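Engineer: Turn these sequences into a full structure, and let the hints guide you.
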Amino acid sequence: MSAKDMYDVCMRIERKSDPLHECAHDVREFFLECDVDRFRNLQSAMLTTVPGSRQIHHIRVLDRGVLATRQYSCFCVACLSGSYDECDSSAVVGGWDPSWDVVKLAFSGPESVLPTVQPHQDRAPQNVPHGNQDTSVGDRLAFFQSVTDELKGARSFVDVRGIVRQQRDGVERFELPEPVVHSSLQSRPADDIAMHLLPSDVQERCKPLAVDADGNCFFRAESLLLFGNEGHHLELRC
3 MSAKDMYDVC MRIERKSDPL HECAHDVREF FLECDVDRFR NLQSAMLTTV
53 PGSRQIHHIR VLDRGVLATR QYSCFCVACL SGSYDECDSS AVVGGWDPSW
103 DVVKLAFSGP ESVLPTVQPH QDRAPQNVPH GNQDTSVGDR LAFFQSVTDE
153 LKGARSFVDV RGIVRQQRDG VERFELPEPV VHSSLQSRPA DDIAMHLLPS
203 DVQERCKPLA VDADGNCFFR AESLLLFGNE GHHLELRC
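This note's numbering applies: residue 3 is where the sequence shown begins, and numbers increase by one.
Treat each hint with caution, since some may be false.
What the hints assert, rightly or not - Pairs of lysine to any residue, SDA-like flavour, derived with a Cα cap of 20 angstroms: (1) K6 <-> R30; (2) K6 <-> I58; (3) K18 <-> M8; (4) K6 <-> C76; (5) K18 <-> D7; (6) K18 <-> V173; (7) K6 <-> G96; (8) K6 <-> L34; (9) K154 <-> G217; (10) K154 <-> F77; (11) K6 <-> C36; (12) K154 <-> L143; (13) K6 <-> E31; (14) K6 <-> Q57; (15) K18 <-> V95; (16) K18 <-> F32; (17) K6 <-> H198; (18) K6 <-> C81; (19) K6 <-> E35; (20) K154 <-> H60; (21) K154 <-> V166; (22) K6 <-> H59; (23) K154 <-> V173; (24) K18 <-> D90; (25) K6 <-> S91; (26) K18 <-> F33; (27) K154 <-> Q168.
No lab work stands behind these hints, which were simulated from the structure alone.
Values in this document were obtained by computation on a predicted structure and should not be read as measured data.
Structural biologist: Quick look at the structure:
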């Protein structure tokens, strides 16, 4: 979903106007910044989407080996806490696709893969046992980097599902920390464009951080809140 698509949806569904100009609280407008000069390094510019996943922006695990998909992502309080049935934006983002709800992966053991999944030949040899029980993986950053490398090698959505199933036990070993106030939150520069769009009264309470714009901005900001730096955005993606 492009920024233009999001703008059109917001203008069609979420926009509010006050024709009598009696109260500014009854007005909700949206703006689209078209001429934004965002730096993209070579690595992020060369990223490509996995075939079959371009129209899927939200994935959740229903049960071991069972996934559900939704076309649009939602970051409301209900969805972030896992209470998807209470989604505040369900009218906009739509429901979950039932076609994936009944797909169970036929894994008979840690080393089994679906017959349709073809291994990617250029991958580095994997010396880490299933579930990431090998301490040689190192810290959590190294583990989630290895998961990310696996996902980058996926050639279809079926590959993605297989990798998610294989790595789930390893992911569950790392608990997310509680959000705390880090000194780095105060030292990072604010995003001038975002500050320009915010109402003046909100600017006193909200300072949008200028994180790297590589398609992971939400997860980089969440990483900054949880860990004090952007480096754990891969973990939050996984």
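Engineer: Next step is simple, just say for each hint if it's right about the structure.
Structural biologist: Hint check:
no.: 1; hint: K6 <-> R30; result: holds, 18 angstroms
no.: 2; hint: K6 <-> I58; result: holds, 18 angstroms
no.: 3; hint: K18 <-> M8; result: holds, 16 angstroms
no.: 4; hint: K6 <-> C76; result: holds, 17 angstroms
no.: 5; hint: K18 <-> D7; result: holds, 18 angstroms
no.: 6; hint: K18 <-> V173; result: violated, 42 angstroms
no.: 7; hint: K6 <-> G96; result: holds, 19 angstroms
no.: 8; hint: K6 <-> L34; result: holds, 7 angstroms
no.: 9; hint: K154 <-> G217; result: holds, 15 angstroms
no.: 10; hint: K154 <-> F77; result: violated, 24 angstroms
no.: 11; hint: K6 <-> C36; result: holds, 9 angstroms
no.: 12; hint: K154 <-> L143; result: holds, 16 angstroms
no.: 13; hint: K6 <-> E31; result: holds, 15 angstroms
no.: 14; hint: K6 <-> Q57; result: holds, 15 angstroms
no.: 15; hint: K18 <-> V95; result: holds, 19 angstroms
no.: 16; hint: K18 <-> F32; result: holds, 10 angstroms
no.: 17; hint: K6 <-> H198; result: holds, 19 angstroms
no.: 18; hint: K6 <-> C81; result: violated, 24 angstroms
no.: 19; hint: K6 <-> E35; result: holds, 9 angstroms
no.: 20; hint: K154 <-> H60; result: holds, 17 angstroms
no.: 21; hint: K154 <-> V166; result: holds, 12 angstroms
no.: 22; hint: K6 <-> H59; result: holds, 16 angstroms
no.: 23; hint: K154 <-> V173; result: holds, 17 angstroms
no.: 24; hint: K18 <-> D90; result: holds, 17 angstroms
no.: 25; hint: K6 <-> S91; result: holds, 19 angstroms
no.: 26; hint: K18 <-> F33; result: holds, 13 angstroms
no.: 27; hint: K154 <-> Q168; result: holds, 15 angstroms
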